[in-house]
Amino acid sequence: MNTEPSILLIVTDQQHIDTISAFGNRHVSTPGLDWLAERGTAFRQSYCTYPLCSPARSSIFTGRMPSETGVFGNGNNVRTAIPNLGQWIARHTDREPAYSGKWHVREPHTAFVPGFDVIASGINCKGQEGDKSVTQSCEDYVRNYDEGKPFFLAAMYTQPHDIGLWTSYNFRNRLGFPYPELLDDLPPLPESFEPTHEEPARYRKRRSGSGPVDQERAEAYWRYYVWGYYRHVEMVDAEIGRLLQAVEDAGGSEDTLIIFTSDHGEGMAEHQFRTKHFLYDAAAKVPLIISWPGVLPEGREETGELVSGLDLFPTICDYWDLPLPENVKGVSLRALLEDGTRLDRKYVAVECHGGSGQAIRSADYKYIAHNDDPVEMLFNMREDPAETRNLAGSTEHADALRTHRGYLKEWLEGLEVAPSVPDKYRWSPSRISV
Amino acid sequence: MPHKGPEPGDRAVDGLLSPRVLAEMGAFSGSPALPAGCDVAGDWSQTYRIWGNSGRFRFQNKDMGYLRIDRRRDGEGLTFQVDHVLVNADGIENTVKAGILCRDDELASPVRWRLETGFTDASRCPRPELSLTLEGSVEDGRVFETCRGSRRELDLSPPFTADWCLVDVVQRWAGQRIEFTLLEGLTKVKAGHHLGSMGAGLAAKLAADGMRPRCVYEIGHAILPRQYWLDDADRVVLMTSNSVMYVLDDEAMQRTEELTVDLIRGGVHYEY
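Residue numbers (numbering that gives the first Met the number 0), protein chains in the order written: chain A, 0 to 433; chain B, 0 to 271.
Calculated directly from the structure, the hints in this document are not laboratory data.
Yeah, the Cβ is synthetic: ideal placement off N, Cα and C, and Gly gets one too.
Facing chain A, according to a computed beta carbon distance under 7 Å, are these residues of chain B, among others:
id : residue
1  : 16
2  : 224
3  : 243
Chain A regions said to be covered by chain B (calculated; three or more residues, Cβ under 8 Å):
id : stretch
4  : 103-112
5  : 118-132
Derived CB-CB ranges, DEER-like:
id : chain 1 : residue 1 : chain 2 : residue 2 : range
6  : A       : 207       : B       : 23        : 27 to 33 Å
7  : A       : 74        : B       : 105       : 45 to 51 Å
8  : B       : 58        : A       : 419       : 26 to 32 Å
9  : B       : 261       : A       : 207       : 39 to 45 Å
All chains should be modelled from the sequences, with the hints used to inform the complete structure.
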């Protein structure tokens, strides 16, 4: 066993946290991720930094919040003062990190990712085909790898993001269901399907007009959407399963730290939302599994500790004994992984809408606020994990509301917001009423 | 690189990616002429252009590569020679070549196969460190795979077939109930698949003008429903699955060559 492991980072695109059959979802079958879960630690309170591709990815690769990297929406570059993981590894080691698949900070797919050797670039918005190349290139890479030193390989899948195209062909299809045999076997709608509480205006606006055209059978179409989403997840799971098998066959599983996550989640009909770019858990939470068989505990489910996409960069640096760049916001998960040492963390934060929307998730509550809307949302996440009862106006929870406003203020004061972030997205922390 | 969104007037598809819609887009023009001697029960060669749609009639429709299948029937069974090329962003080419010996049965059940994979870089130079040869075989009902001296048993048992053989299966399918496990790309095991016939009424609405409205669909684990459209000679002329289309096109290899050259030159940009 190497004292420093090879590192395989696997990232899917737009995968809801509850889409792994090992954790009880009987409507989807994910033998690949189930296999990984049996051999690692699954974090069940894992959040992205921003439920949108480019911003979330900028955090995974820098350990900084999107408002700091300057990637406050899709299609922005990370500001040059902040190194990405590939550049950081190349600067501090003699290893050449390899990259396959979707990048999207800024170009979605490119052969030229700063700091990395791109072995395959994937095909934009066509994970159905492009992900085959991601797996093939990574399998070829790990089976042929013979450099005598640990590798870093990022396998960046596009699925299940293609669900964004599903509605084009199915939500507005006036010819009815093409496969009537499926109708009896569609998954149920989520508990939070019907909107029940006061929300910011942009949430109501987003929901309006985004559903199926056949209003009489809208629920069936939504259920068909979720059914289709699960098939997308299974597609990428099959790719991941093949890659994991290749690592095992190549004799590398006990020398390889495997980190699996997604850039952000997916609405999956919760609150009648689909895709992403809102702050409910459906989009803000992401699966995270970390495995190093024979070294780290296996088959473990971490249900209490709040973790973030910010934490991957420092965790990887920790395992390779690299220094951290200045102002990294995440923390290493190494001690938590190895012996269960708890993190000294009161909350994690999630941004949205350029940073004008902010969520603070603590152990008990989740608080959501926008700098351009008076409606706040507060959910008791122990009693109401589906986020169906907004407690922000409840006198009984006034203390919790004040506490979480305070957390938000504290968090914002610690951010080094990039100069490129427009004024309309910026907060004035001093004006937050605590 | 300026962001390019849909042009004004570019319509949303708002329905299945059907032969009728694809014909309207200009992406499908019916069945190519039948080559002399072509017999779906005997020897044939079919080349498909791989093409993707992004939910609109014009925006971001694009070629992605080609798939060529040569099928021969001889005393040993059925043999398939497969060339599959996917062109990644910036012209990186992923090539897959496969030779598959199959039983001459309704599933064209694979017996023995060999797979060679490779990649080029963005200047089209082969990358030897990204090439691989893999062999597989069925022995006493158990399926084994060998790669770089490592041999293991797959979690797979008959009946199964490969996606590349499935084109042949569909062309010969008589409508009987058929269930199988899919060995996609000869590497990924996807269980619980079956074929079905699309209802005649719906097929007639989705078929292009003058086209035989015969559509076979495939549903199963880890795929989106696939539709196979057949012509009068029982050839699969079109396969669609959500946003992706494989269409019979004798010029598919040339198109792929042009696509690769364009991408390497930086002449094609896709943003999202």
